[in-house]
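The whole structure should be built from the sequences, with the hints applied where relevant.
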Amino acid sequence: MQTEEQVIAELLAFIAVSDTAEAAFDRVALQLFAYQFEHNLAFRRFASHRGRTVRTVRTWRDIPAVPISAFKDLTLCCRPPEAAERMFMTSGTTREGVRGKSFHTTLTVYDASMTANFRQRVMAGRGRIRMGILFPTEQAMPNSSLAHYLALAVRHFGTPESHYLIDADGLDEARLLAELAHAEATGEPYALLGASYGFVPLLDALARQGHSFALPEGSWLLDTGGFKGQSRDIPLQEFYAQLATALGIPRRRCINMYGMTELSTQFYDAGNETCPAVKSGPHWIRTRVVDPLTGADVPSGTVGLLSHCDLAHFNMVSTILTEDAGVKVDGGFMLLGRADGAEAKGCSMAVEEFLLAARG
Amino acid sequence: MPEVAGHLPGLSTEKVAWHTLTFGEGSEALDVAVPTLDDAQISVLAAHVRQARSSYLKSLPTAQIIATIDRAIGRLLDRNDPWRRKMEALLPRITGYDAEMVRLGLTGYLKTFRAPELNRFIAEDFANPQLLDGFQPTVKGGVAKAVGPELMVHIWAGNVPGLPLWSLISGLLVKAGSIGKVASAEPLFAGWFAKVLGEIDPRLADCLGIVWWKGGDEAPERAVLRQADLVLAYGGTGSLEQIRNRAPATTRFLGFGHKVSFGMIAREALDPSKVWATAHRAAFDMVRYDQQGCYSPQAFFVERGGRVSPSEFSRYLAHELAAFERKFPRRRLSFEEAGRVAAWRNAEEAKALMSSDRQILTDAECAWSVVYVEAPEGLAPSGLNRTVLVVAVDTLEEAVPRVAPLRAFLQTVGIAAPPEAVYRIGALLGDAGATRICALGEMSAPEAGWHHDGRFNLLDLVTMVEIDRSAEIAAEALAPYAD
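Each protein sequence line maps, in turn, to chains A and B. Here the first sequence is numbered in our numbering, starting from 2 and rising by one per residue. Here the second sequence is numbered in our numbering, starting from 269 and rising by one per residue.
Derived by calculation from the structure, the hints in this document are not laboratory data. No residue lacks a Cβ here, since even glycine has one placed at the ideal position from N, Cα and C. There may be inaccurate statements among the hints.
Unchecked claim - Computed footprint of chain A on chain B; a stretch qualifies when at least three of its residues, placed anywhere within it, have a C-beta under 8 Å from a C-beta of chain A:
#	stretch
1	460-469
2	595-607
3	687-700
Claimed, not checked - Derived Cβ-Cβ restraints for the label pairs, each shown as a range:
#	chain 1	residue 1	chain 2	residue 2	range
4	A	G332	B	E368	43 to 51 Å
5	A	E86	B	N513	29 to 37 Å
6	B	P644	A	G332	23 to 31 Å
7	B	P644	A	M90	27 to 35 Å
8	B	E368	A	R51	31 to 39 Å
9	A	G332	B	M622	34 to 42 Å
10	A	M88	B	N513	37 to 45 Å
11	A	D20	B	E356	53 to 61 Å
12	A	G332	B	E356	43 to 51 Å
13	A	E189	B	P516	55 to 63 Å
14	A	A35	B	M622	21 to 29 Å
Pasting the structure below:
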């Protein structure tokens, strides 16, 4: 049985190599499953309940995926929460304010995962870039994994002039417009990163002024997380079309990141020329698309729930079942949004309506 | 060739734009053409229905209306009738429900609309049924008459086959013209009924218009609601609120929201000789239309102290559900519905991991799930589609305060208990907000003339027109024979 130290060392080594073979992934995944089964009591009960133990799990596909709703009820850590260096929480708008929590005994693996993946997929060989962040700082939101992610982006890939555009008073519109004008005037590439809903006030402001920018070659955008009721909801096609027009950044340079509090690794697409774009992750995370009821893989091209096995998320559980609908395609998967979109068919009261009524 | 939905008296079908809804997949796929009317066509339809109502239906004796409906229902009960054959062939494909379950369900349901039942329907609401045909003397003096709306708009929801018949027939009985909007989940039944009626009495069918728009679409909804004297709508709280807000303030609005129903099982029903039947009835209430009805149970409160324990009962129930799955398999769930069931089960599983007083019984495909709870839990909606909570209680009374917080949403309670308990618990349940107490096993088959959500089916639709005693007395003074 590995110690936590050994797990961390192994993961850091695995992230550093570029071994994309399934056999290599399986080897680390099974070791990690054994580690989590041993140390994560709630997970052991969950797995045993599903009839999955170290004896019966033969490949990463056999590892029982923990539904993310369980993070609200169960403390799913290998080491006690008190031992955690950081705790990330979901934005938690779904069930009576209960928020899912992810405990990290160290952020070393998270950070290695984020930077290696970001370097390859977002920076793609280019040097540091001046960044504007459409999200609060890590200090303002210490329990937000996105705030930490963006802080890493600035620290490792931003120039010293990189800056935050959102503070306690909201969007610093003047600064943002000045930055965009600066980029346009000097020709220095500029990157805007943040929550998807953070881009909406920018679009609104530019539309109000009837103004648009043509940012220099090499500029790009990175948005994540959708709109979550924080801003008006815009269809993706329209969102990227408007961003491309307003900022003069081609849609292939508008990248969408898909990440979750319950993971330590992110997925990216290669721009949003077409929507939904194909998403994929690095070699230390693998995704299945499964039937929500049976948990079995659905045939390629069929809609199912996304289930991720993220080796970097070692202190909790590596394999989770999301509430996101997706389709497996060549080179990755397409994210189709939340799985509970449609209204119930019958006249029997459904859970969502009950929760609404309970909130009053 | 798509199946055509709707019924549009006064409109030329070639001039109407049709939208196609597709049900099922592959060789089983069925296209249904639904009409989409523009504002002008809606006005023409409404004017036609009003005209037909005032020139014909308004002065038709109730007895004759009942006779015509009875003939139409008689045809739909005849398994050799082409309309009935169409229903049996297409409704399972539209809704996904098991064909045999649909067939049995249709027969059981349609039987409640035969002439004797319709007379009972009227008798439930009108001490003197002749009030619908003309002025009748009233006890206080003077005379009164019950007048239905000129134009009643129905907005139907859901995929339970035949649901539109309730309000459609209620409308006819009070001599109202009707325009009904069918649900996308089952767009055919209402139109078929209008066609059958038309083959028996075309002038009566002219008083019905059956239309469609995508649920929530503002323009057609407003256009139709503008025409209404009374709106009767089914749907979730959100949809009802929207419809009410879109109707003119002067239009009467009757909303039937989503409901939650449950079962109660006394220890007397948990005797080894009776428990099979009890479990079978409980399972049947869940299986019928896969808990899509407002009357479908989402939980069972089961009394301790019988010879079979609540925990054992939950196993009997699971066994019955497994047997029903072979006989009447659950319909194929959409991805979203499957996701809901899975989310409910996952949440229950997480709770079960934390405590030993919760057990989940399910099959590999999750075609049904029973969650047994030892702890004193209340009523919460299940994942539907054959998922249910079984909660152990020391006494049935104990469960009543736990369901009371859902007062606004309570409807049917299926009860298996001795006579004294039925009345005692029934009174408590009524105070808590339930409106229908029935036998276990009958939850999904309300009696003819039942008071849907506690309301009066017909009385709620009419306005009373009274000629006061004072008018009669004053008129006497002006009579040609006055002294």
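Output the numbers, in ascending order, of every earlier hint that fails for this structure.
Per hint list: 1, 3, 5 and 6 violated.
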